[in-house]
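With the sequences and hints as input, model every part of the structure.
One letter stands for each residue in the lines below.
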Amino acid sequence: MNAVESKTKFVSTDRRVREDRRFVVGRGRYVADIDLPGMLHVALVAAQHPAARIVSIDASRALALPGVHKVLTGAELVEAVNPLMNGLETPQVRRFPLAVGQVRYAGEWVAAVVADTRALAEDAAERVKVEYEKLGFVIDAEEAYTPQSTPVHPEHGSNVLLDKTFVWGEVERHFAEADQQLSFRVVWGRNSTVPIETFGVVASWDPWQEVLDVWASIQMPKYSDQIARSLRLPGNSIRVHQDVDVGGSYGVKRGIKHSVLVGHLARALGRPVRLIEDRLENMRAGDAHGPERIFDVDVAFNADGIVRSMKMRALDNVGAYAGRAPFQLGKPIGAIVGPYKIESVQYQAISVTTNKTVQEAVRGFGQAPTNYAIETAIDRVAETLGLDRIEIRRRNFIRHDEFPYLIPSGSTYDSGDYHTVVDKVLAHAGYDDLVAERDRLRAEGMLAGIGIAACLEPSGGNSSFEPLLNDKNTTSTWMDSCRIMVDALGTVTATVHTTSSGQGHETLVATVVGEVLQIDPDLIRIVRPDTLSSLPSNSPVGSRMAIMLGGAAFKAAEKVKAKMVAIAAHAMGVPIETANYVDGTVRTADGREMAWEAIVNMAHRQFHALPEGMDPGLASDHIMQVPTGVQLPKDDKVQMYPCHSFEFHLILVAIDPLLGKPEIRRYVIGHDCGTVINPHIVRGMTLGGIAHGLGAALLEEFAYDAEGQLLTQSFMDYLLPSSHEVPDVEIVHHCTPSPLTVLGQKGSGESGYLGSPAAISGAINDAVRPLGIHFTRLPMRISAISDAIAEAGPTMTQEEI
Amino acid sequence: MSVELKVNGRAVTVDVEPRTTLLDCVRDELGLKGTHAGCEHGVCGACTVLLDGQPTRSCLMFAVQADGYEITTIEGVAPQAGELDVIQDAFCEAHGLQCGFCTSGMILAARSLLEREASPTVEDIREAISGNICRCTGYGQIIEAIQLAAERMRGQNAPASPSLSRTEAVR
Ligand code: FES
Ligand code: FES
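Going line by line, the protein sequences match chains A and B. Going left to right, the first sequence walks through residues 1 to 801 as full-length UniProt numbering numbers them. Going left to right, the second sequence walks through residues 1 to 171 as full-length UniProt numbering numbers them.
Calculated from the structure, these hints are not laboratory results. Note that the coordinates shown come from a computational prediction; the quantities given were computed from them, not determined experimentally. Ideal placement from N, C-alpha and C gives every residue a C-beta, glycine not left out. Just so you know, not all the hints are guaranteed correct.
So the derived list for chain B, only partly shown, Cβ under 7 Å to chain A, looks like this [what the hints assert, rightly or not]:
id, residue
1, His41
2, Phe62
3, Ile74
4, Pro79
5, Gln80
6, Glu83
7, His95
8, Gly100
9, Cys102
10, Ile129
11, Thr137
12, Gly138
Residues from chain A that keep clear of chain B, each with C-beta distances beyond 12 Å, as calculated [to be verified]:
id, residue
13, Lys9
14, Glu19
15, Phe175
16, Pro207
17, Trp208
18, Gly248
19, Ser534
20, Lys561
21, His570
22, Ser723
23, Asp728
Spelled out as structure tokens, the structure:
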């Protein structure tokens with residue numbers, strides 16, 4: 001417990017999460033629950049080929065069905081809308097909601113069918129006849145990177161969207177000086193967050209008000225701006241309703257193409273229109289796949305295990321269109337050395353297009369794959385030197401007394417105590433016993449291994465990777481806001497200006513406002529105004545809401561409190577400095593007091609009694625700037641995120657050599673995200689993140705065949721972890737407050753996920769090390785593990801059994 | 001065609017196409033939106049309802065096939081408006097959810113388990129919810145919620161109390 005925590009009344013206490021109440025009775029309000037009178041439904045016609053010219057589209061048989069209102073093609077749509085936004089300056093990589101002239105991946109939407117019901121729209125979609133002329137295609141990232149590969153966008157001239165090499169520090173000198181070097185390649189397979197709720201959107205156009213109302217399962221910064229730009233409407237013609245519950249997102253719910261399509265249709269048809277993806281549409285063409293990345297890493301290190309320098313080449317396959325995905329190579333720059341004191345880094349970030357489904361933001365925004373590469377590097381150095389994997393991490397960790405710590409790529413880490421977290425985890429787990437247990441399993445003929453991962457969760461950022469990777473981009477803020485209103489009866493209402501997808505933002509705001517005003521958080525109402533009535537928000541991305549929304553709520557509440565103190569001090573005739581706010585009452589030094597109700601009443605009704613120059617009423621706004629976000633990049637360096645949470649995973653895995661199925665026998669994680677505002681929420685994020693990382697490590701992959709067809713298109717082949725696969729997880733909590741935030745909090749929305757794939761990979765590699773095997777690719781599916789074991793050591797395994 | 005269904009203790013008649021799934025019928029014809037569509041191919045369990053107390057995937061059966069069963073949806077669980085039942089309350093207490101999308105199915109699966117097994121082991125609980133995918137929680141707090149509900153149901157009448165200790169830091 002730190003000083004901040006021990007003083008708090010509600011923050012860090014075991015209070016219930018207020019949102020839960022509506023969900024446990026089935027009264028969440030998801031987008032698919034919205035039924036508007038006269039609403040029409042959309043189904044999509046999907047491309048059969050990874051690349052083909054659209055020769056013709058014949059919709060006559062679809063339109064002949066009664067109840068079918070429209071078959072929209074890309075050729076018609078392109079006349080009415082602007083291309084969707086790209087993050088990089090790649091104007092020739094044009095993306096529209098429907099394929100225009102050419103399809104660029106199998107499953108891409110070629111036409112949208114609108115009908116009275118979804119079932120009818122699906123029937124009609126089957127009757128749309130599309131004639132194609134097949135074109136050359138490319139699936140593999142390495143191939144796409146070569147100049148002779150077939151460009152997915154011929155107008156762009158190549159498949160390369162980004163190829164930038166950063167050198168931070170004296171890389172060559174450190175490599176020359178170091179005792180040893182090693183090189184390896186690891187591959188992060190294509191997976192995603194795949195929420196149980198697919199993406200959906202409903203739009204309705206009012207031609208008399210010229211307003212497009214939108215309800216969507218969305219988690220996206222600047223969503224309404226993007227719709228407005230694309231539909232060529234003024235920004236204040238788009239009203240996004242933010243009181244829609246989102247059934248999971250973890251980054252990917254950014255259905256901008258769906259929204260522009262539906263918005264256009266609602267306007268064109270003069271009826272409300274809805275599109276709810278079915279699972280196939282979601283997996284094949286929801287444009288929500290995650291990073292797919294090849295890492296080539298060289299590390300230079302000394303005989304004592306100190307890592308001097310690292311060269312990393314990251315080649316990412318973003319699929320058929322650019323969007324925001326290439327930026328996922330940028331965020332990891334803010335923690336490119338992980339928790340280690342690596343003095344210099346060379347980083348080559350390459351983003352290529354291929355004829356695969358489009359990539360979208362995934363939990364961690366590229367950090368989890370990068371952590372997997374960094375942690376593999378540390379394990380390999382330990383293996384090469386014959387050093388203990390924990391000891392080598394300790395030797396390289398930034399020490400508690402070295403914070404704030406500037407890393408070579410320009411970010412200063414705010415705070416941390418990595419050695420202590422590791423000590424606590426080892427003590428909790430009984431590390432020696434864990435090693436003994438591994439060795440006992442091995443003696444029994446099992447393959448067993450211990451996995452370790454130490455990594456950071458950068459949180460609360462201002463999107464500095466945008467200007468870093470695109471010098472035309474001048475973003476240096478990524479604000480969030482809160483408004484607090486105290487009504488004339490004295491009850492408090494506060495606002496959240498975004499949708500949420502399970503992060504508990506209502507609980508966050510109520511807890512923080514309650515803390516500052518010293519009133520029961522349960523008595524505070526939280527509302528979500530639509531975007532036309534909202535203050536700016538950048539949505540819950542980048543583990544930012546505890547810091548940014550929590551910070552905004554804190555500051556707005558402080559303003560309310562300050563006004564109440566000023567009113568009461570004036571009324572009681574004492575200087576403000578001598579008035580004391582206690583539990584909603586203002587007290588004077590000589591023992592008089594003015595109660596909450598009286599102050600509120602004065603603010604709302606008695607202007608004559610207010611201090612001179614004070615506005616009436618009792619409300620406040622706060623628009624919060626990112627704590628460290630003030631500068632644009634300079635010399636290829638930038639302060640990326642302000643806060644840095646830390647996690648340390650320690651796990652034991654056993655594999656029956658005949659089955660090849662890894663079984664996690666023990667999972668302990670040490671977690672330090674500064675001051676925890678709600679322990680239930682942080683714990684849930686961490687446990688859920690670990691489960692998600694387990695899927696990425698062992699099960700989940702969007703696999704393609706050589707013909708460019710997606711093979712894993714349903715939950716039968718794309719396997720999500722169930723309660724059988726996810727182990728019991730023990731969390732060891734530690735708190736190193738951030739000096740940069742109002743309560744010492746840091747982010748935790750991506751916790752667990754950032755390190756669990758690395759830890760699981762480390763454990764499996766430890767288990768198969770005696771067989772001379774290295775797994776270098778995620779996911780490590782059972783079949784791959786059992787094949788490798790069978791190939792490596794049939795005699796050995798048989799002997800031992 | 002016209003089908004008579006018994007849903008949450010009430011008899012209702014709906015007019016649906018033969019191909020309408022029970023899921024679509026419950027949501028669109030009966031307006032019970034607490035039952036969710038996650039995959040519509042029988043894997044995720046978001047669409048779980050109880051048929052004569054048995055957890056059933058409403059996306060995999062036609063409404064017409066449900067004739068003659070007692071159907072329970074999440075809307076039929078709370079004893080009355082504003083009052084949670086023991087399992088629902090335990091899910092709130094243990095924060096056995098995040099986005100809430102899998103929650104209706106989880107609670108119904110839990111209810112079915114606890115009706116036949118008053119003292120389930122962790123393995124029993126894992127088995128009972130293994131057909132319900134939760135992408136948010138990693139299941140830990142769901143399992144705790146069900147354990148807590150079981151404990152409370154065994155000691156019925158004991159008032160729901162926040163003092164039932166669950167240590168946060170280490171467990
Ligand atoms: S929606 Fe029925 S099992 Fe997924
Ligand atoms: S609570 Fe979100 S899927 Fe379970």
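Structure-based check of all given hints:
Contact between B:His41 and chain A, as hinted, is supported at the beta carbon level, the nearest pair being about 6 Å apart and thus within 7 Å. Nearest Cβ of chain A to the Cβ of B:Phe62: about 13 Å, over the 7 Å cut. The hint is violated. Hint status for B:Ile74: holds, given a least beta-carbon distance of 3 Å to chain A, under 7 Å. Among the interface hints, the one on B:Pro79 is violated; its C-beta lies about 11 Å from the nearest C-beta in chain A, farther than the 7 Å criterion.
Interface restraint check: B:Gln80 against chain A, minimum CB-CB distance 11 Å, threshold 7 Å, status violated. At its closest, the beta carbon of B:Glu83 sits 10 Å from a beta carbon of chain A; the interface hint therefore is violated under the 7 Å criterion. With 7 Å as the threshold, the beta carbon of B:His95 comes within range of chain A, its nearest partner Cβ sitting at about 4 Å, so the hint holds. Annotation: B:Gly100 was flagged as interfacial toward chain A, and the flag holds, the nearest CB pair being 3 Å apart, inside 7 Å.
Against a cut-off of 7 Å between C-beta atoms, the interface hint on B:Cys102 holds, since the closest Cβ of chain A lies about 5 Å away. Taking 7 Å as the C-beta cut-off, the interface hint given for B:Ile129 holds, the closest approach to chain A being about 5 Å. At its closest, the beta carbon of B:Thr137 sits 5 Å from a beta carbon of chain A; the interface hint therefore holds under the 7 Å criterion. Contact between B:Gly138 and chain A, as hinted, is supported at the beta carbon level, the nearest pair being about 3 Å apart and thus within 7 Å.
Distance check for A:Lys9 against chain B: the nearest CB is about 15 Å away, which clears 12 Å, and the non-interface claim stands. Not every beta carbon of chain B lies more than 12 Å from that of A:Glu19, the smallest distance being close to 7 Å; the non-interface claim is violated. For A:Phe175, the requirement that its beta carbon stay farther than 12 Å from each beta carbon of chain B is met, with the minimum near 41 Å. Listed as outside the interface, A:Pro207 is consistent with that label: its C-beta sits roughly 28 Å from the nearest C-beta of chain B, beyond the 12 Å cut-off.
For A:Trp208, the shortest C-beta to C-beta distance to chain B comes to about 29 Å, beyond the 12 Å cut-off, and the non-interface label holds. Non-interface status of A:Gly248 relative to chain B is broken: a Cβ of that chain comes within 12 Å, the nearest being about 4 Å off. Every C-beta of chain B lies more than 12 Å from that of A:Ser534, the closest at about 21 Å, which supports listing it as non-interface. No beta-carbon of chain B comes within 12 Å of the beta-carbon of A:Lys561; the shortest separation is about 28 Å.
The non-interface label for A:His570 is consistent with chain B: the shortest C-beta to C-beta separation is roughly 40 Å, beyond 12 Å. Its beta-carbon lying about 4 Å from the closest one in chain B, A:Ser723 breaks the requirement of being farther than 12 Å from that chain. In this structure A:Asp728 is not separated from chain B by more than 12 Å, as the shortest Cβ-Cβ distance comes to only about 7 Å.
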